[in-house]
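Going down the list, the protein sequences come from chains A and B.
Quick note on our numbering: the first sequence kicks off at 773 and runs consecutively.
Quick note on our numbering: the second sequence kicks off at 2 and runs consecutively.
By construction, these hints were calculated from the structure, which means they are not laboratory data.
In this text the structure is predicted, and so the values were computed from the model without any measurement.
From the three backbone atoms N, C-alpha and C, an ideal C-beta is built for every residue, glycine too.
Where hints are given, some of them may not hold.
To be verified - If you want the ones that stay clear, here's a sample from chain A, every Cβ over 10 Å from chain B, calculated:
| # | residue |
| --- | --- |
| 1 | K855 |
| 2 | V925 |
| 3 | G1077 |
| 4 | I1092 |
| 5 | I1144 |
| 6 | H1176 |
| 7 | P1216 |
Said to hold, decoys possible - The calculated label-pair distances, taken between Cβ atoms and stated as ranges, are:
| # | chain 1 | residue 1 | chain 2 | residue 2 | range |
| --- | --- | --- | --- | --- | --- |
| 8 | B | Y309 | A | M773 | 41 to 49 Å |
| 9 | A | R839 | B | R123 | 36 to 44 Å |
| 10 | A | T983 | B | R123 | 45 to 53 Å |
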Amino acid sequence: MADLRTNLAGIKSPNPFWLASAPPTNSGYQIMKAFDAGWGGAVWKTLGVPVVNVSSRYGTLNYRDNRMMGFNNIELITDRPLKDNLREISEVKKRFPDHAVIASLMVETREEWHNIVRDVENAGADGIELNFGCPHGMCERGMGSAVGQEPKVLQTIVEWVKEVAKIPVIVKLTPNISDITRPARAAQVGGGDAISLINTIQSVIGVDLDTFVPFPNVDGKSTNGGYCGPAVKPIALNMLKNCAQHPDITIPISGIGGVETWRDAAEFILLGATSVQVCTAVMHFGFGIIRDLKTGLERYMDEKGFETLDDFRGKALPNILHWEDLNLKYKVVAEIHKEKCIGCQLCYTACEDGAHQAIALSSDPTDRKPTIIEENCVGCNLCSIVCPVEDCITMERRDDGKEHLTWGDRTRAGDIPKTFDDPLAGGLHHWVPEPAEALAKVKPRHYRG
Amino acid sequence: MAEYKKPTSEAEFAANFSPKKPLMSDTEAYYESSRCLYCYDAPCITACPTGIDIPLFIRQINSGNKEGSAKTIYESNWMGHACGNVCPTEELCEGACVYNHSDVKPIEIGRLQAHATDKVIRSKKKLFRAGKDTGKKIAVIGAGPAGISAACELRMLGHAVDIFEAKAKPSGLCVYGVAPYKLTNEEALDEIAYLQDQFGFTVQYNKPINGRADFEKLEKGYDAIFIGIGLGATSSLGIPGEDKQGVIGALEFVEELRMKHHKTTVGKKVIVLGGGNTAMDAASESCRMGAESVTIAYRRGPEEMGAYPFEFDLAKKSGAKALFNVTPIEVMGSKEVTGVKFIRNKAAYGKIEAIPGSEFVEACDMVLLGTGQGKQVELLEQISGVKLEHKSRILDDRGRLVVNEQYQTNNPKYFAAGDAVNGGVEVVNAAAEAKQAAHGIDQYLKK
């Protein structure tokens, strides 16, 4: 049976699923409820300088009937009194001694940092997370992402914290920066015990077409917010990979950004995360999703023969290379398994209009199943991605696997195209129709001019 | 089996005849429209006689462009709302949905269509404008689906249109012949009013065209004449006792039901003769009107019924039973019907053959003839230009108007579409044909 126990820089929890510092961790009530439901840890909603919140705080990006594909907020750090939060931290720890309670913090001066670190330690927190990520409201006051975007400032504050901290310190990074590894390295150099990423991405979630006010609407005005939810996962995974692969970043990483299912969590762990933090999915579906997260990850580990999380942490990292190290001799083409095809022709129109004109329709209008024109197919995957039927279009390998040649190899061998007409240039060998053929094409009868 | 109590009030009638395809709420339409795959050159479009760009109108519902959605529908089909409700979508668009091939429920296209058109009809927002006046005038005979569709399209083309309708209300079978659980009178009439409001054709009600003199008057007053008169009354069976009290045509029964609702007279034991869709409707409706027993009697086996399988299923679910391979030979009773004498049949070389000595009487107090509508032969033969030679005849051997590809009859001034031409199909076929006929008229007038 898989063992989900987690240890991030000394912060121990029964499983890697932590609630991220956000509205679900606003109170001891919520965190107790979450621990009772099965969550392994919780990062308390950021404690720090006094703030005032606005009414109307969230906005959503829906995709058709799927709500909260993306989510943004303009809420600030906790607006509850510090003493109440400290008391509740103690109470939670007393009731759940084996669960991880991490205090997220955000203050300004060295003295304030020292005081608040001691306060949360005295309350019984297992760790500290420094909020250097918040991209709205706090950054204008020189905190949050304003710190995360300045590696030197970040390093200094980590050093202040480490001057007094006896418990592990996690540095939470903002993605609103071009190279995430710079603040990550600064966190390590400053003495941080771990990093967590990503915080939210600065965003305008949408505009109301009737009032011309972006969401969320605060008395006829809006402001940029922080973007999160399933849609940001690919950005988070890339930043996680960048840090996890970096030779100078050796401290553990808590992964954050769009985790909703055990699959998402497994992907974060495969790219090097030690724990994962979840917020939007809980704001959407409640704490109960932990049951799928835990049982799904356990089943996956059992199936793969992983006994502990360490057995597969970072296992995907060696498989992400620079583009120039990919094998140019690898060749796949699409194959339509016609017995599964339902004739929607989405693959046809996607390839025809959006890719390489490598799918043909039958001349018999009663036969709606398309055919791959293999010589035109560049193996881009698009058709297999748009196909609504599981395993109906698969990508089949066509090279024999014996040859391996990369752009890097070719560069080093002086075997790369120098001009557009160079016979070595890739596009020269790709078939494209003549432009005017587009106009001669038979259109479906309902495509009106 | 559903048990229906005889409705005694409008509310009870409405409950027994609750819509088969109820109007979708905004939420339901949003979720259902989200499922559409937006197929390329979608098979649902091909399956629609009017060729509505279904994936487009569904996408327009989903993106919050319901007005655009309704416009997409009406551009192809002027009876968009009626068709959304009454079309046999299982056999047409929804039957062609690719989801059927992957055991996923097909998109509810009919209900989505009704949703979009309902919105715009209620809003009264005009989506179309009549074309620039051509100075030409067209007479349209019949304000049914064919006549209304032709009128709208002719107005788009800039021709003036006067419609002559024999009955007191427009929309033909949509009001007088469709089962009440498919389309209400209000829905049917609101759509016509909506169309008339934006196109400004005139309709003269209770103005039947009765004969030669009327045709000649139209010929003098109009540049072309469109015939959309549909079919006639239910044909007789030609068996003894057919004139007894309690024997009525299924279509006439439906008409009474549409007009009188719960006040319609229905027998306790009803026999419905026929295997077509109208017979199935009459059977379902008799059940819903509280008849104690309803029996469908058909000469051949179930697989040979003209009705769509889902219509037969609905009749059965409503409580009807069926007798197959039986031919009615006599209606029994003195003044009022007391039963029908049948003889059993067997199939022999594709034909049916009576089994001697197999006669039996099925008791009943009402017989509904679902034996098809007659053609309006006598009337149509009074159109001038009738010649005996086959090629130039107005009607074919089965009493249908003969038309060319432009829906022009052999009297060049007359065009026709709908049941009178196709022998009786669906509202959607009438809408499709009439639209083309309007273009035929336009071409004719330009010559």
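Quiz item: Does the structure break any of the earlier hints, and which numbers would those be?
Solution: Structure breaks hints 7, 8, 9, 10.
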